[in-house]
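Participant: Two chains, two separate frames, one set of hints: put the complex together.
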Amino acid sequence: MQETTEQSERSRALVKGAAATGSRPIIELRNVNKRFDGNSGVENLSFRIHEGEIFGFIGPSGSGKTTTVRLMNGMYQPTDGSVTVFGEPAHKMSTRTRESIGYLPQLFILYPNLTVKQNIDFSASLYGMSWLGRRSRRRELLQFVELWDHRHKLARNISGGMQRRLELACSLIHDPRLLFLDEPTAGIDPILRAKFWESFHQLKAEGRTLFVTTQYVTEAEYCDQVAVLANGRMVALDTPESLRRRAFGGEVIEVRAAQIGHFTRPLFGRLAGVSSVDTSVQGRARLVVEDAPATIPVVIEALRAEDIAIEGIEQYRPTFDEVFVRLLQEEETDA
Amino acid sequence: MPKTIIRTASFLSKEIREILRQPWLVVRLVLGPFLILLLVGLGYTGQPRVMRALFVVPLDEPAVAAQIEQYVGDLGPQLDYAGQTVSRDEALARLRVGQVDLVVVYPARAYETVQSGAQAIIEVYHGEIDPTMATYVRQLGRVYVGEMNRRILEFFAAEAKEKSAAAQADLEEARSAAANARAAAQAGDSERAEAELLRASGSLDQATALMAATALMMGGVSQGLGANLDAVPPTEAESAPGQVQIDQRLAQADQDLAALDEQLARFENVPPAVMVSPLATETKTIATFTPSFVIFYAPGVLALILQHVAISIASLALVREKLFGAMELFRVAPITAFEILLGKYGSYLLFTGFLAVVLTTSMITLLGVPLLGSVAWLALSLALLVFASLGIGFAISATSRSDSDAVQFAMLVLLASMFFSGFVFPLQSIMISVRYIGFLLPVTYSIQNLQDVMLKGVPPATPFLAALALMGILLFLFAWWRYRRAMIRL
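Chains as they are written, first to last, in our numbering: chain V, 584 to 918; chain L, 13 to 502.
One chain only, chain L, in its complex shape (with noise of 0.2 Å):
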């Protein structure tokens, strides 16, 4: 028993000393995981992405261009206002090249829509084929419509509130003062006559506070949709004396009285559910494919994988060579620094491409993944992220000192990709200044381009492709630079 313990003993010590003797690798271990973390921590905003978005206004309804001016300012941070424009297509073009992220189309007619009883419906069009987002778009919709009803609704309220309680009364009582106002008339009781009138005018004046709050709510309406309404009648009744005034003062409150009957007959034919939400909106993408989430995923999970062996094969190449001594050899044999890359990046590459084309294959064939593009943007795309991808590898192997660092760098570089890249939060989410280091990442730039040549079926955008480009040859050019000074004769 003494004896394994001391067997086992002469093991944990040894490991200890091994750990405590590369204090750097310890510490790089703990704090890069943990300065990751801390960026992601003090970086992640969680604020959603602000959208760009261009209202389209019906032609001849000015009232509501500028009712939306008026809302603009109340859109929240969510919303960039973009402007308006009367054309859909013009809009539709726009949102299409990228120059805005929402289209949102307010419908021509609202208020008679809604008064024949439908709810008018508010059209929201956008280019998102992130599933999250596509949700989001659809909840911002009914955030910002849901907003709008409530506001009608409350002016609405507020004002019938007040006089809505006795008005079927009312209405009634005029009916019967002017009814006795007709028959005083007729029996030549002028005084009796012009008393009832004046009651029939109080309880008219309090009918046409019903009509008034009814209307009200039909003007609320009117109002959240910009149409012009007339909706309460001329309901006074001036007290004249004289046969022919009460005569015409009778037929005017007939008139008024059937309009006030037309007005309720709307109002009944109004569904409470549109009463209560006149609005509604329809959320529509621009996009010719909309992935689940796992096909929305599976460019950012190919770019990191691709990312990831690059980075690690690369890392590890010249770093194992500087170790078992073959430099000893190729310091002696005629051949160069230059030479020496080149050989290794073209065989990394035809590696990593092969992958590519193997792992693309399979999402294609099994997961049902879509190549909506031209292989051969497919292809470039891929290509220049293996390329940075390389260079970032052989750059940390031509600065490591062990395989341990080359390995331990290429981990976080997995670990900043997963946070930095867009692949988990979206990019937007993330603060600025903490943004830019996805910008050093291949995957940034490479989730986007597969993501656009794939479930988009367009070109990848030009500058991504650019950076990625020039993010590989500075980084082969540092690579090289360095083994140069590593094969320098000393």
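Next comes chain V alone, as it looks inside the complex (with noise of 0.2 Å):
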């Protein structure tokens, strides 16, 4: 019992900590738990995402990242707490709410048998398009996801890639406010995943709101908020910068000098500002620090002191993957 009091004011502060960008929230978890045949999905989720944002969600596989899609585009019901959509319970959406909202479920489900064209015809007919009406979208979307050349092909002889694309174009046809991505990336190369989130920005340039689950922790600095993901537990929620600090308790500074090792130290320690020191490799030492900027002439300052030889010295940005590992190691200790 304490531990879920724990857990509520835990994710009410991951909330507080969220950026706040100043529009209003189309989305809000409170207290969301989601239970199958007495097995945790996911545990006491709180957040909210607000309009024309990127929301990234991340975490490793199994760890609640499509349940908790399915909790917001209504396909669960949450056993404990509410999960809202435009200010209506996501599990009774009104069907006007539901035309507002995309969604590109993380296994390829679209019709191998349909051309690329009528693929995105009947997905368009889901929604109640017209013909005219989608004629000159479906065109637009095609060029958008680089498929109106293959537009006649059938799905199934598109490639991997392709197809996930063409996805993209479904879950986009009916022109959603909201977009539902389960992990877009997932198995593709790097190329095309770095073309997907180039169409995400523009997505969100037109205003629209996306929620993208990822496995890829380095997609997390594509988003607006990142909310981070493990064993159906929020270990933590906000800017990517700000979890960049958060996971290493401030900024960093990397220096190399060949002498430096476990005896300097004391050295980086008794500087002002500096936090901790990480002298584990021989040759290099990283200081977390408060302020990177203010505190480089400082320890510039303390090696020349000593008469070491620095060669070189820079703010470190640690990348998430090492932020999501440190992370997920503070959320066992803290377990």
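Warning: the hint list may mix true and false statements.
Claimed, not checked - Each computed PhoX-like pair below joins lysine-lysine, with the alpha-carbon atoms no more than 25 Å apart:
1. V:787 / V:736
2. V:778 / V:736
3. L:334 / V:700
4. L:296 / L:15
5. V:700 / V:736
6. L:334 / V:675
Claimed, not checked - Derived DEER-like restraints, expressed as beta-carbon distance ranges:
7. V:727 / L:335: 50 to 56 Å
8. V:619 / L:144: 56 to 62 Å
9. V:690 / L:363: 56 to 62 Å
10. V:743 / L:430: 41 to 47 Å
11. V:727 / L:49: 58 to 64 Å
12. V:777 / L:42: 52 to 58 Å
13. L:42 / V:701: 38 to 44 Å
14. L:362 / V:915: 56 to 62 Å
Worth flagging that the hints you see were computed from the coordinates, not collected in a lab.
None of the values given here were measured: they were computed from a predicted structure.
Every residue, glycine too, gets a C-beta built ideally from N, C-alpha and C.
Facilitator: Next up, the structure:
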């Protein structure tokens, strides 16, 4: 019981910590739990997604990302808590609200025996779009996902990447305001992934809201807000930059010098603004500081005073892989 | 070589494991067909259809009517006595509307016909278009007329057997004694004349036995045909003293002999074939068209193919989308289970409708299957068949967990349709409790409907059309309910 209260407080803190964009939230989860036959799918999720932002949901396989998507698009009803989308309970969304939502599921579920064009037409008709209404939109979208020249090919005869782009086009055909993209970049090459993210930013620029799940931690970089999920629980929620800071406790300065080793550790530790020092690799030190640009001159001065020849010093931007690992380690430690 | 064995063994073990992982699939594979065949074995009685027979008797021959009543009890289980009438037209009208299955028309003046040397023909009318049933009716007529002939002969044979041997000699002796008596009487020897007359009387009695046998044969015929016949003339020669009496008796004896001669002459006129089979049967159909076996079974094949196609494609329709995940898309989209189902029904109705047109046209043009009824009735019959069959398919699809489940159920329905629809065995030859299975299959009604429209040129039976429509609607509702449950937000 106490643990639940703690979790709730923590979730509230996470929500408060999320960067406020100033726009109104169109999705809101409050203390959401979803259990399947007694097994927990997700636990105590609370967050808001604001209009016009890209919200990244990052977590390893089985962490509850798809469950969360399904809770938000109305496929699942929460066991506890509430999920509202455009102000309506997600599992009781009106037809009009559903028409405002696009969904790209994790697996390819279009019809392999239909052509690219026929598949997109089918998706359009699911949302009640008339033949005339969808005509120009279809062309526009197929050009957007670079499939216009392949429109007469059967879906089964195009590559995996093309199939994924086709699905993206299908999810956009009815011009939705909110898009749920469940691992849209899974299994596709880095170049195509970059193209996908380029597309997502274009969609954001058009004023759409995107909820994107991914296993590729590096993709967090492209999001406005990122939630990190592990074992069905939300580990962190913030902007990518804030997550970095949070994972490492501040900004990181990397110093390279031949003499750097364990013996230089006390030297760095004495410097003002340095909260932690990592000299585990000979010839390199990583210092966690509050303000990297302000601290770098201090570090240079201190090393010169000790006659240590600096080979290089810069603010280090840890990769999101490192951030993710740190956050998960923190979560495990807390647990 | 060992690597080949290992590679082969990998598939061997994998396939066995996969099969064993689906125990219910295996159980159904075995139990399904086994249960159907068991039911066929238990339910098939092999009994031919009981036919309701209406008898038409000649207006002025009440004896025939009485004899039919008498025979009714001996008709056997295949014939169900449905009454008598004197109007052939009325009987045939009842046959046309299906109130009776057979009309048996007894010939008028049958005895005279036989006496004239011809067989008396019993006409048997039926409306069967099934060549097997038509043959069965013909055989049934022959069997019953044969039985009647046998009875007549038996009657004759029993009586005639004892007395026929010395008949001719007795007659000659009677003639000789009569001549002697006449001569003695003319000579005034009344004592001798009396003695000769007694001898003549005795011989005449024996000759009468022969005539009686002959007459009995004819009488047997007459009995079989219901005629009133005084076949045996009075033959008794009473002995009475006195010339006048003797003359009278002699005159009577001559008259009797003349009558016997006449009887014998008639006997000689009857051909042996008629004598042994005085009755014959002639089977007639009121059906406007008598199809061959191929043509008769064509509507059934059409119904079976359409039902199977409709069930097969519909049974895979929903389960496939459930399996490959399209349901996920449908649940999020603003589409309802009703809209999905209606769209699918529509497309499959169009497809199977097109198939029905192609198959029917092919049957008509290539096999020469006639379309004696209206195209509208045919279209309605086919549409209802497809509608009800799609219902079964969608019901299977909405309850199946995998493709193989759905295909398996579709095949079981096909197997059941072969045996319980009346396609292979007539429905009447299946036990009533097992016959109900057939009533759950659209093809059972549709075979009859299509035969009515195409081969008989009559509209299909309204209850059959209503049954198909009801079945289709109920199955649609069931599939809708199941699909809604599958679509519901969890």
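Participant: Against the range 41 to 47 Å, how does the distance between the Cβ atoms of residue 743 (chain V) and residue 430 (chain L) compare: consistent or not?
Facilitator: holds (45 Å)
Participant: The hint says 38 to 44 Å between residue 42 (chain L) and residue 701 (chain V); measuring C-beta to C-beta, is that right?
Facilitator: Because 41 Å falls inside the window, the suggested range holds.
Participant: Is it true that the CA of residue 778 (chain V) sits at most 25 Å from the CA of residue 736 (chain V)?
Facilitator: holds (22 Å)
Participant: Range hint 52 to 58 Å: satisfied by the CB atoms of residue 777 (chain V) and residue 42 (chain L)?
Facilitator: For residue 777 (chain V) and residue 42 (chain L) the Cβ distance comes to about 56 Å; the hint holds.
Participant: Given the hint of 56 to 62 Å, check if residue 362 (chain L) and residue 915 (chain V) actually sit that far apart at their C-beta atoms.
Facilitator: Hint holds: Cβ distance 59 Å, inside 56 to 62 Å.
Participant: For residue 690 (chain V) and residue 363 (chain L), compare the CB-CB distance with the range 56 to 62 Å and indicate the outcome.
Facilitator: 28 Å Cβ-Cβ, so the 56 to 62 Å window is violated.
Participant: Are the Cα atoms of residue 787 (chain V) and residue 736 (chain V) separated by 25 Å or less?
Facilitator: Outside the cut-off at roughly 30 Å; violated.
Participant: Given a hint of 58 to 64 Å, does the C-beta separation of residue 727 (chain V) and residue 49 (chain L) actually sit inside it?
Facilitator: holds (60 Å)
Participant: Quick one: are residue 727 (chain V) and residue 335 (chain L) within 50 to 56 Å, going by C-beta?
Facilitator: Check failed, 31 Å falls outside 50 to 56 Å.
Participant: Given the hinted pair residue 334 (chain L) and residue 700 (chain V), is their alpha-carbon gap at most 25 Å?
Facilitator: Cα-Cα ~23 Å, so holds.
Participant: Has the hinted range 56 to 62 Å been met by the Cβ atoms of residue 619 (chain V) and residue 144 (chain L)?
Facilitator: About 60 Å separates the Cβ atoms of residue 619 (chain V) and residue 144 (chain L), which means 56 to 62 Å holds.
Participant: What's the verdict on residue 700 (chain V) and residue 736 (chain V), does the C-alpha distance respect the 25 Å limit or exceed it?
Facilitator: Satisfied, since the Cα-Cα distance of roughly 8 Å is no more than 25 Å.
Hints 1, 4, 7, 9 from the earlier list are contradicted by this structure; the remaining hints agree with it.
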